[in-house]
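Participant: So the chains spell out like this:
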Amino acid sequence: MKGSILPFEKDLEKSILAFLKTGLDKECFEAVLIPHKIPSDDNYAYLLIKDKTLLQGASPLPPVIPVQGAKAVSALTRWGPSKKKILAVMHPCEIRATVELSKLRQASLDNLVFLSFDCPGVMPLSGYVKNPGEGDPAYQDARQKWESAKMRPVCQTCSEFGAPASDLHIGLLGAEEGNAFLFPASLEGKRIMDKLGLETSASSDGWEREVEKLKKAREEKRRGAHQSLQTRVEGPDKLLETFSSCINCHNCMRVCPVCYCRQCYFDSDAFKLPPENFLARAQKKGSLRLPADTLLFHLGRMSHMILSCVSCGTCEDACPMGIPVAQVFSLVAENAQRLFNYVPGRSKEEPLPAAVYREEELCEMEKPYLETYARTGERDASASENK
Amino acid sequence: MSRDFTPKIIYFMCGWCGTGGSETASAYHLCYPENVLPFRVNCTGSLSSVHVLRAFIEGADGVIISGCHPGDCHYEDGNFRARRRVATVKSILDSLGLGEERIWFRYIAHGEGKRYVDTAAEFNDYIKKLGPNPLKERNDT
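Chains as they are written, first to last, in our numbering: chain X, 20 to 406; chain D, 18 to 158.
Chain X with its partners taken away, still in its complex shape:
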């Protein structure tokens, strides 16, 4: 892959903003969707910027994910595709979630250009908001070392930090001091770079090598993390203990980019049951925790969205009780997605696994019918008939 070297002026964020400003000047795109510091100075929010002078306060590399970017894009394009070109600066996981949402017809990718960057991970939201002064240096540190225990647990084991299905990508790994590597990841990206007069001749071999290396290390780390998590949550007792502090606020569902349903099944009338139902369950078990169906909510939500789960960790950020929701979902998602060889957000064309099927697959799902058993069954059946 070929790209161009993006030299820093003062720092990387400034030079990305300068690049965006030229893009707006030369009308490569009409607006920019980018994280911006909020007035209270302790968090970020997505802004759709039309006035290029406002760009200078924007933060293309925020240390947190306050609202999943896919939610912002969905809010922008749910009605229909934009007629004007919009550039969105987002973390790779946010772009992947947006791609999944477009497959679910909750966002439109038409006239949308993505700018992504090598993501060092982000910090836990509540921790950052409490003390941004401490968080900012920690984030800078993570961007230097690409390894930091202060980033969120799912970020530390993420291997999809490189270029996802984006149009332009900024490579930070393997770049020389004071340089970043900007390359087009799609035809649209190439067109924009041509229009801006940016050469695409620099080789990205160094970047690719570094990405491969870090990817391997992260995958290794993820295997370890999943194994240790499994020892903590596997089995009914441990799993129920993990989710026992759940206060049924359903925040994890509300902030999840892939959980788009206007009416969640678990908030619907299907879960309004007559008191007799609960009394009967209490009778059977001796007692019943209310509100009931906590585990059913989490497992049911999993069964609905796990194949599109990008492990962005927003659910864990939103959990007021500190339940490792994202880690559990990441563990389950990896196994479920492997079943269909599906990586959410990997490509815009790949259909959702639940929307398609192959006739020759998953043959091991069917329990083979045993002829030997068939004979025993016959004996039993005739025996009971003779009674």
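In case anyone wonders, no lab produced these hints; they're calculated from the structure.
The model shown is predicted, which means the values in this text are computed figures rather than measured ones.
All C-beta atoms in this analysis are idealised placements derived from N, C-alpha and C, irrespective of residue type, glycine included.
Watch out, some of these pointers could steer you wrong.
[Stated by the list, open to error] Covered stretches of chain D (chain X as the covering partner; in silico rule of three or more C-beta atoms under 8 Å from a C-beta of chain X): (1) 21-35; (2) 52-62; (3) 70-79.
[Unchecked claim] BS3-like cross-link-like pairs, simulated, lysine-lysine; straight-line CA separation at most 25 Å: (4) D/LYS25 <-> X/LYS304; (5) D/LYS153 <-> X/LYS291; (6) X/LYS104 <-> X/LYS40; (7) X/LYS303 <-> D/LYS146; (8) X/LYS386 <-> D/LYS131; (9) X/LYS303 <-> X/LYS257; (10) X/LYS232 <-> X/LYS102; (11) X/LYS164 <-> X/LYS234; (12) X/LYS149 <-> X/LYS169; (13) D/LYS153 <-> X/LYS303; (14) D/LYS145 <-> X/LYS386; (15) X/LYS234 <-> X/LYS367; (16) D/LYS153 <-> X/LYS304; (17) X/LYS214 <-> X/LYS103; (18) X/LYS386 <-> D/LYS146; (19) X/LYS303 <-> D/LYS131; (20) D/LYS145 <-> X/LYS304; (21) D/LYS131 <-> D/LYS146; (22) X/LYS257 <-> D/LYS153; (23) X/LYS71 <-> X/LYS214; (24) X/LYS103 <-> X/LYS367; (25) X/LYS235 <-> X/LYS214; (26) D/LYS131 <-> X/LYS304; (27) X/LYS214 <-> X/LYS56; (28) D/LYS25 <-> X/LYS303; (29) X/LYS386 <-> D/LYS25; (30) X/LYS69 <-> X/LYS214; (31) D/LYS146 <-> X/LYS257; (32) X/LYS69 <-> X/LYS104; (33) X/LYS235 <-> X/LYS164; (34) X/LYS103 <-> X/LYS122; (35) X/LYS169 <-> X/LYS240; (36) X/LYS104 <-> X/LYS367; (37) X/LYS71 <-> X/LYS45.
Take the given structure of chain X and dock chain D to it, following the hints.
Facilitator: Below, chain D alone, put in the same frame as chain X:
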């Protein structure tokens, strides 16, 4: 495992082949264990994963799902879609160690009354060997 453990088994079957199989079984006066509760759905492809999970969490010791043989679906591809859904649910339960082996999926055609009865009996014996589902005793699910 206590000797007199009678498992509670939910048998989801599609309205065309699965229930057809049970009709054929009744025409031949074949018997299956009384603790297997049949639950008719229009098509296994229309069976929500939440129904399976709800049965599984709230008191069933095992769940079987029967649809038409591949190529036989009344709606062309419902059984293939169901297979993907069952695979997803089983994978979730397996990752969390909740006993995915308590969920079975087996095709049964309209004329296969014998196969239907055998499946119910075989699954019943299998679950008896496994013992009760630990989730059904828990009050905090």
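Participant: Hint by hint, say whether it matches the structure.
Facilitator: Cross-check of the supplied hints:
Coverage of the region 21-35 of chain D by chain X is violated. Counting CB-CB distances below 8 Å, 0 residues qualify, and the rule asks for three or more. Against chain X, the region 52-62 of chain D contributes 0 residues with a C-beta closer than 8 Å to a partner C-beta. That does not satisfy the three-residue criterion, and the hint is violated. With 5 residues having a beta carbon nearer than 8 Å to a beta carbon of chain X, the region 70-79 of chain D meets the requirement of three or more and the stated coverage holds. Under the criterion of a C-alpha separation no larger than 25 Å, the hint pairing D/LYS25 with X/LYS304 is consistent with the structure, at around 15 Å.
At most 25 Å may separate the alpha-carbon atoms for a hinted pair to count; D/LYS153 and X/LYS291 meet this at roughly 21 Å. The suggested pairing of X/LYS104 with X/LYS40 holds, with an alpha-carbon distance near 14 Å, which does not exceed 25 Å. Taking the CA atoms of X/LYS303 and D/LYS146, the gap is about 22 Å. The hint holds against a cut of 25 Å. A hinted pair counts as satisfied when its Cα atoms are at most 25 Å apart, and X/LYS386 with D/LYS131 qualifies at roughly 16 Å.
With a CA separation close to 22 Å, the supplied pair X/LYS303 and X/LYS257 stays within the 25 Å bound. Between the alpha carbons of X/LYS232 and X/LYS102 the distance comes to roughly 40 Å, so the proposed pair goes past 25 Å and is violated. Taking the CA atoms of X/LYS164 and X/LYS234, the gap is about 14 Å. The hint holds against a cut of 25 Å. Note on X/LYS149 and X/LYS169: the hinted pairing holds, with a Cα-Cα distance of about 14 Å set against a maximum of 25 Å.
Pair hint D/LYS153 plus X/LYS303 holds up; C-alpha atoms about 9 Å apart against a cutoff of 25 Å. This hinted pair checks out: D/LYS145 and X/LYS386 have alpha carbons roughly 17 Å apart, not beyond 25 Å. For a cut-off of 25 Å, the pair hint linking X/LYS234 to X/LYS367 stands: about 22 Å separates their Cα positions. Using a Cα cut-off of 25 Å, the hinted pair D/LYS153 and X/LYS304 holds, with the two alpha carbons roughly 8 Å apart.
Proposed proximity of X/LYS214 and X/LYS103 is supported: the alpha carbons are some 17 Å apart, at most 25 Å. For the suggested pair X/LYS386 and D/LYS146, the alpha carbons sit about 17 Å apart, so the restraint of at most 25 Å is met. Straight-line distance between C-alpha atoms of X/LYS303 and D/LYS131 comes to about 34 Å, which puts the hinted pair past the 25 Å bound. Our distance criterion of 25 Å between C-alpha atoms is met by D/LYS145 and X/LYS304, whose separation comes to about 20 Å.
Proposed proximity of D/LYS131 and D/LYS146 is supported: the alpha carbons are some 23 Å apart, at most 25 Å. Restraint check for X/LYS257 and D/LYS153: the C-alpha separation of about 15 Å stays at or below 25 Å, so the hint holds. Of the supplied pair hints, the one linking X/LYS71 and X/LYS214 holds, its CA atoms being roughly 18 Å apart against a limit of 25 Å. Of the pairs offered as hints, the one joining X/LYS103 and X/LYS367 holds, with about 20 Å between alpha carbons and a cut-off of 25 Å not exceeded.
Taken as a hint, the X/LYS235 and X/LYS214 pair is broken in the structure, with Cα atoms around 36 Å apart against an allowance of 25 Å. Between the alpha carbons of D/LYS131 and X/LYS304 the distance comes to roughly 36 Å, so the proposed pair goes past 25 Å and is violated. Straight-line distance between C-alpha atoms of X/LYS214 and X/LYS56 comes to about 30 Å, which puts the hinted pair past the 25 Å bound. Using a Cα cut-off of 25 Å, the hinted pair D/LYS25 and X/LYS303 holds, with the two alpha carbons roughly 13 Å apart.
At most 25 Å may separate the alpha-carbon atoms for a hinted pair to count; X/LYS386 and D/LYS25 meet this at roughly 19 Å. Distance hint between X/LYS69 and X/LYS214 is fulfilled; the C-alpha atoms sit about 20 Å from each other, no more than 25 Å. Among the hinted pairs, D/LYS146 with X/LYS257 is consistent with the structure: their alpha-carbon atoms are about 23 Å apart, no more than 25 Å. For the suggested pair X/LYS69 and X/LYS104, the alpha carbons sit about 11 Å apart, so the restraint of at most 25 Å is met.
The straight-line distance between the Cα atoms of X/LYS235 and X/LYS164 is roughly 16 Å, inside the 25 Å bound, and the hint therefore holds. The suggested pairing of X/LYS103 with X/LYS122 holds, with an alpha-carbon distance near 21 Å, which does not exceed 25 Å. Pair hint X/LYS169 plus X/LYS240 holds up; C-alpha atoms about 15 Å apart against a cutoff of 25 Å. A threshold of 25 Å between alpha carbons decides the hint, and for X/LYS104 with X/LYS367 the separation of about 18 Å falls inside it, so the pair holds.
Distance restraint check for X/LYS71 and X/LYS45: the Cα-Cα separation of roughly 12 Å lies within the 25 Å cut-off, and the hinted pair is therefore satisfied.
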